[in-house]
Each structure stands twice: as C-alpha cells, then as structure tokens.
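Asker: Same order as they appear, the protein sequences are chains B and Y.
Following this note's numbering, the numbering of the first sequence begins with 1 at its first residue and continues without gaps.
Following this note's numbering, the numbering of the second sequence begins with 1 at its first residue and continues without gaps.
Worth flagging that the hints you see were computed from the coordinates, not collected in a lab.
Note that the coordinates shown come from a computational prediction; the quantities given were computed from them, not determined experimentally.
Where chain B lies over chain Y, by a calculated footprint (3+ residues, C-beta under 8 Å):
#1 5-13
#2 52-64
#3 225-233
#4 273-280
#5 291-302
Pairwise CB distance ranges (calculated):
#6 B:Asp-314 / Y:Leu-120: 44 to 54 Å
#7 Y:Ala-8 / B:Ala-199: 34 to 44 Å
#8 Y:Asp-123 / B:Ser-252: 45 to 55 Å
#9 B:Gly-125 / Y:Gly-39: 45 to 55 Å
#10 Y:Gly-201 / B:Ala-199: 27 to 37 Å
#11 Y:Ala-245 / B:Asp-10: 21 to 31 Å
C-beta atoms are modelled at their ideal positions from N, C-alpha and C, and glycine is treated no differently.
Each chain, letter by letter, is given below.
There are 2 protein chains.
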Amino acid sequence: MKKLLNQAGDAVADSLRGLEAAHGHRLRVDHEHRVVLRGQDPDVPRVGVVSGGGSGHEPLHSGYVGRGMLDAACAGEVFTSPTPDQVIAASRAVDQGHGVLHIVKNYTGDVLNFEMAAELLADEGIDVEQVVVDDDVAVTDSLYTAGRRGVGLTVLLEKVVGAAAEQGCRLTELAALARSVNDRGRSMGLALSSCTVPAVGRPTFELPEDQFELGIGIHGEPGRERLRAVGARDAAELLVDPVLADRDFTGSPTICMLNGMGATPLMELYVMYGEVSRLLQARGVTIARNLVGNHATSLDMAGCSLTLLTADDDLLDLWDAPVDTPGLRWGC
Amino acid sequence: MKKLLNQAGDAVADSLRGLEAAHGHRLRVDHEHRVVLRGQDPDVPRVGVVSGGGSGHEPLHSGYVGRGMLDAACAGEVFTSPTPDQVIAASRAVDQGHGVLHIVKNYTGDVLNFEMAAELLADEGIDVEQVVVDDDVAVTDSLYTAGRRGVGLTVLLEKVVGAAAEQGCRLTELAALARSVNDRGRSMGLALSSCTVPAVGRPTFELPEDQFELGIGIHGEPGRERLRAVGARDAAELLVDPVLADRDFTGSPTICMLNGMGATPLMELYVMYGEVSRLLQARGVTIARNLVGNHATSLDMAGCSLTLLTADDDLLDLWDAPVDTPGLRWGC
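Pulled out of the complex, with its shape left as it was, chain B reads as follows (with noise of 0.2 Å):
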C-alpha cells in the first residue's frame, strides 16, 4: 500500500487538521471529539443541522460545514460509525435552542450511535430529530446495512436541508422536508476498481481486469452482480435502468449527480455524464440542476454512482441558495 499518509491510525486526524489549515476562514474543528464546526454561528439562531459517518468519503461530511449546509459534521474512523461521543458534542455545540437535526446514512453502527446520543441529548434537553438516508436501489441488505445502504443522495439533502436551515425552517418541518427528500431520490453504482483501507494495507476485493462491480456500496461491500466491462455508452444503462425501473422520475423536474467514487478522472465523469444524460432525456427524465465530480468518494476506488432526485420549484430554490463549504461553493 502507497498512500500520502504518516500513521494509518492517525489519518483521520491528520487530515482535519489539513482541512482546518486549509479552511480556518470557514470551519473550526474539535480535535479531542473529532468534529467538523461551522466557523460562524448563522446570524439568527435557528435548528442545528448536523451529519458524520466513517471517514474516508471526502467531502462527505467534513467538506459539506458551513453557511447554507451543515453546522456540524463528525468524522468516525475510516468507514467506521462515528461514536455516541461525537454526535453528542457536535449536537452541543450547535444547538441554540431550537433543537437539532441528524442526518444519518443507513448503516446499523451509524444509526444506532446517533439514536443513542438523540436519547442522551433528551435527556439533557435538546430536541433531536433524525432521518436516515437509504437511497442506494443496489441491494435490500447488506454486510453493514439492515434495508438500503445511505449513498449519494446525502449530499443532496445536506444542501437542501442546510438551505431550509439557514432561512429559519422549525426543527419538524425540517425532518418533513429531508424524510421527503429521502423519499424522493435514488442512487446506483458501479466499481472499477476496489479501495484500500489504510489500516488493512490491502485492497478490499479484488477484481479482475476485465470486471465492473456493479451496485458497489461506498465502502467496497459486493453489490448486485459482477459482470464484465463495458463501455460508457452501456455502463450509463446499467445506473439509469435499475433507478428508473425503483422510480418513476418523469414529469418533474430532476436533480442529477454524477458522482466519481476518489480515483476516476474528471474526463471519465464528463464522458458518463454526457451518456447519462442523453440516456435520460430519451427517457423522458429533465434534469434542471447537476454535479459532476467527486463528492462522496470511497477513498482511491475508481467508478462512479448516479443519484436522482425529483425536484420541484421549491426545491429547486434550495438547491440554489447560496452555500460556503469546502466541497460545494456558490453564490459566495
């Protein structure tokens, strides 16, 4: 394994303080609970939006702290649930009053640590909402997931949700808007190559030279089949069919990322992108917004994931407002 790294059990850590060298003017981080702070608290108090999983899936969720995205994001060890611990600081440390909102990927550690610290915050006051993200239409099931896996659709409801947030949405209208948002969005991918956990020092699976992974979780977990590689062209079907066959996404407006997994060139993403976008727009899908790179990666895995997410003008609204984060910028 060659990896820009010193220790492998000090990735993480190191690598906040990097994101905090680079980011300081934005972001601030509690080293001792391994959290990622907004810089600034927002102007007018108002719900606390926090998120966190496993490291390693950069800029998911450290990236995505700022005004118009997350207060707060705390970082577990490499595909590794964030403690108890954590959530309880970083729920701390955002709420001012008006309770907090935990977005959770749909892995058994990830939910049942977050549940536990919403209990203890109760107990301490704070109002806790949760919503669990399963968007992923791969597998029902899996090695870490009872139902479906949490995948890129979280980076769409960290945005949406962050938006509503930051206009001064109450605490359950805010956990309405993100279970719809889950509801209303679905991601597929596929793998070319594994990753490498640094603590293991190996890759993950092996896969031949010749073979796609197809419906690879984010944390190198087997998806639905191996089959052999194929060009863009058809490698855009194998995403498109099986979210459309979970969805019907004509007849309103959609929000559309194409997600690099860490190590597939920009060039390959555009090449996808142009398939996929052909490929819907012949079915009958009308993308109104997109994001093209990577923003939930599975460290130096090569391949991609297409996430869906149906729109309308409201939404759409959201997703435009203005965000300052590491990993999504505009109208900043």
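Fit chain Y to the known structure of chain B by using the hints.
Answerer: Same frame as chain B, but now just chain Y:
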C-alpha cells in the same frame, strides 16, 4: 485498461459533450474545433483570454472557461498539443477588437502551435500576446520541453489574469501581469503511480510498490529521481524544499495550491496540506490563500504537486474576484 470511456479515440469529443451537457448554461462548445467558449460574451468588450493544451489534465483547461477566468480553451487530443487551427478558431471567437492573450504551458509542440496561430491571427489584424508558463522546478529540459515544464501554476495564472481581463486591463498590461505571475510562481510534484493514456492502453511507466517518482511531469515524464516511498511528513519536504531552494517566498503573502494528480483521495490531499502548510510556516512563508484539490491532473495518476505564488494586495484582490467556471467558482 479499464476506463469509463467509449472508444479511446473518442475520449476527448465525448468528454466535451458531457461538459456541455452539464454546464450548457455557462459555456458552449465548438465541436468542430474542440474549443470550449464562454456561454455569454463579457458585458463590456475587452481582451480575450485563451488557453489550451493536451487533454487529460481536467479541469485544466476546459473547466476554467467562464466569467472571471478563460474566454476559451482549446482541447488537444490526450497529452497532445492543440493544433494552430484550434487556437485560431478560439481566438477569432473571443476577439472583440482589443486583442487576445494566449496562455501556453511550456511544451515544445504547444509553444510552436500557439506561435504559428499568433502569426496567422496577426495577418488577420488580431493582436496576440503570448505568455509561456514554466513553473516546474523539477527538471530543466524534459521529454517534451526545452526549459522548464509548465504545470500547476497555470491554474493560478489563468484565475488572476482572467480577473484582470474582466476588469478591463489592456492587452500589453495583461501580458505583463501574466509574465510577472509566471516569474513569481514555482511548482514541484511527485507520483505514486503512473497514468494510463486511453489510446495506449497500458501504464506509461511502471513504479514499484515501494517507490515515488519525484519531480514527475504531468504527462508521466520522468522526474528527478525515484526514491523509496515515505510518509506524508517527509513527502511534504520533498515538495517544499526544492520550491524554496529555487525562490525566496518569505516576506510576501503567498498563494499555495496543493494539487491532486487525479486518483489521490481528498483525505490524503488534506493530510499533505496539513504537513505542507506547517512546514511552510516553519520556513517563514505566509500562506494568504490556498487551493486543495484536483485542479491540474494527469488522468488517473496518484500523487500530488505543490505550487507557490508570491502575491501582493493587488494580486490577492484579483484572486478573490468573482469566478464562475465548472472548476473554480466563488463570488457568483
């Protein structure tokens, strides 16, 4: 070779179609000439800023077309200079009677083709000034270069010069600014792996599992030396020391870019930025602005590069000015 492409020979054309599909509200593509153009002309007639080079370095250059940066980018074949015809088409499209600045990375083919285009444009009455970027301290003379290679500084130069053009800077002053930025910037890179050119289908070079290539070129050209892979702390010294040995960056605010070569996870880039910024501080260098991410890549190469640019208040103002491109976006 496993890549998300259709035919290898269509990679550039397909990628430009995807870029246009994703950013058609911001830019348009002359597919015949493979030139990416601003979607809307500038509000006030001004100098046109044109760059280009071989493809495979995305977002450089096509992803930097838009308000506050480039007016046009010529996309050559992968790692191949754009032709004079492309440069002429781009320059004609953006000339508004105030002349055109060509930003050219120092590779023999690029320089020759841009010069040939400039001569033909002069015959048409279009004033052209050229700046050649040669910031790489790794080697003098290389596989495709007489003199130093042009690498990451190109990103910073395109940002700053694009902002000055947007503010109405005249051609001769703009060229002088561009040359001054080139004089004040230096870069150094290292690779953990080779890249694979689609039309070739195999890695450009083989790098043993325990070695770095120090001073790598952005086309996989050999660097200074191969050495035993080291941790991030020592790797930071391998980048910082040669840059500071070549130019004194103390005493003025500095713009620092820590650039990923395409396949390096963001977690590792932030670990490296943490080490690089600490080391620079210890050496008396004050980082006023920074950029961490994949900005000037080499297809699927793993590795990173460091670029430093001496700034002053005027240059920082140009850096902070609004930019609205697929690859860099702020203030818009």
